[in-house]
Amino acid sequence: MATIREELQAAVRRLFEDDKIDYFLGYVDDYGHTFPAILTKDSDLSGLTFDRKSYNNLAAFLPELRGSRLGLICKQCEVRTLNVLAAEEQLEREKLVVVGVPCPAMIDPRKLSADEAELGSDDPALWQEKCRRCLERNTPTADLFVGEKISTPTPAEGWPLLEEVEAKPAEEREAWWREQMSLCIRCYACRLACPLCYCHQCFVEDNKPQWLDKSVGAENNLHYHIIRAIHLAGRCIECQECSRVCPVGIPVDVLNNVLSRDFASRFGYASGETAETKPALVAYERDDPEDFIL
Amino acid sequence: MSDPPVPNESTPAPAWEPNIVGFLCNWCSYAGADLAGTSRIPYACNVRIIRVPCSGRVDPLMILRAFREGADGVLVSGCHPGDCHYIEGNYYARRKFIALKQLLDHVGVDPRRLRFSWVSASEGRKWAEVVETVTRELLEIGPYRYDRDGDD
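Here the protein sequences line up with chains A and B, keeping their order. Be aware that the first sequence starts at 1, since it is given in our numbering, and climbs by one per residue. Be aware that the second sequence starts at 1, since it is given in our numbering, and climbs by one per residue.
Honestly, I wouldn't trust all of these hints.
List of simulated lysine-lysine pairs, DSSO-like, C-alpha gap at most 30 Å [to be verified]: (1) B:Lys101 - A:Lys168; (2) A:Lys214 - B:Lys101; (3) A:Lys208 - A:Lys53; (4) A:Lys208 - B:Lys101; (5) A:Lys149 - A:Lys20; (6) A:Lys41 - A:Lys111; (7) A:Lys111 - A:Lys53; (8) A:Lys41 - A:Lys149; (9) B:Lys101 - A:Lys278; (10) A:Lys111 - A:Lys149; (11) A:Lys95 - A:Lys53; (12) B:Lys101 - B:Lys126.
Honestly, the hints are just simulated from the structure, not real lab data.
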């Protein structure tokens, strides 16, 4: 029985040999880390892998590879991203070869001890939050599938951190967010890692008018994150890359989750479910709730 | 109606008054506010009005910037659903406002600081009532001060 690693490498080699793709977007492991890599037909494929540390949302690399024929590994994070991109007409699906994989759920590196053996464990307590609420573990839209499908369901548990923050009274919530936001150094790693922040020019770079101070400060930082959450309203597919890459550990995605959850209950809306779902802010219903309007 | 007191040395400086920034759509609410004025309906003078083409033009960035520049409250007003001059601008606006309101509530901003209303061009009286309500509520909750610790 071939391992997923061997199957994956064989599949990718075949894609290159059959001249189906120009690039392959996958994960390579080295020095105990797994990181995303763009491979060509001349690349050494021996490092190509898919494991519990394949955190990155590979769809974030799509804009720079636009126009080329591309193969990429898709776990559910990428599947939902591709659906949103397709709905927004940002995707050349016919140029993509979606390689499906059974997703073993990603490990949260902060919960992992130095003992690598834990990587084999199937304990959801070690998983990233997004994986604990993910409902689909076997790429449904795959063009070709490698490995064996997983049938074990995930705990499907919701938004524990968001609920924890919400349980605080308003003043404490404000203080908690102020503390988080005073840490932000506005490195924009969240924006860079986000597969749906693909604007050529972001509002934070605007000069006329300059919407936000470019310097760091709790209030400006907070407003940056609020506006970013609004720009992702009904689009965010909760891959949590923004939080994972944050160098100071702000759980940025909590703001996105506020809207994901709210839109799901208000408008019966889950982003990235299908390639046809329009993002919630470019659609409306005549009888949308307006109990808050005077 | 009595004339407002003329400030002089014997009357104490007025207590704090809220600063409210109003974003009013050109076709309904701005005309409604105009009607309130030409009909001589007395109402609180705390709203500084900015005329916008449509409530759909109001970007959450504008609202947040108003707060950063010292507004204690923001009031956005547009045409009633179905009456939009651009057919559907206020429907899109409504969803945007839901999103912004959710987020501001979540980060601990009092929900009464950000208000939305539908005021048509014939509703001068309603405009006056909306402003009265919003001003009264803001007087209750006091000035908006975000603790700008570490900001310059």
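Here is what the structure says about each hint:
A hinted pair counts as satisfied when its Cα atoms are at most 30 Å apart, and B:Lys101 with A:Lys168 qualifies at roughly 18 Å. Taking the CA atoms of A:Lys214 and B:Lys101, the gap is near 25 Å; set against the 30 Å cutoff, the hint holds. Pair hint A:Lys208 plus A:Lys53 does not hold up; C-alpha atoms about 42 Å apart against a cutoff of 30 Å. Restraint check: the Cα-Cα separation between A:Lys208 and B:Lys101 comes to about 26 Å, which is no more than 30 Å; the hinted pair holds.
Annotation: proposed proximity of A:Lys149 to A:Lys20 holds, straight-line Cα distance about 25 Å (limit 30 Å). Between A:Lys41 and A:Lys111 the alpha-carbon distance is near 37 Å, which puts this suggested pair outside the 30 Å criterion. Of the pairs offered as hints, the one joining A:Lys111 and A:Lys53 holds, with about 13 Å between alpha carbons and a cut-off of 30 Å not exceeded. At most 30 Å may separate the alpha-carbon atoms for a hinted pair to count; A:Lys41 and A:Lys149 meet this at roughly 28 Å.
For the suggested pair B:Lys101 and A:Lys278, the alpha carbons sit about 22 Å apart, so the restraint of at most 30 Å is met. Between A:Lys111 and A:Lys149 the alpha-carbon distance is near 26 Å, which keeps this suggested pair within the 30 Å criterion. With a CA separation close to 27 Å, the supplied pair A:Lys95 and A:Lys53 stays within the 30 Å bound. Of the supplied pair hints, the one linking B:Lys101 and B:Lys126 holds, its CA atoms being roughly 22 Å apart against a limit of 30 Å.
Violated hints for the displayed structure, listed by number in ascending order: 3, 6.
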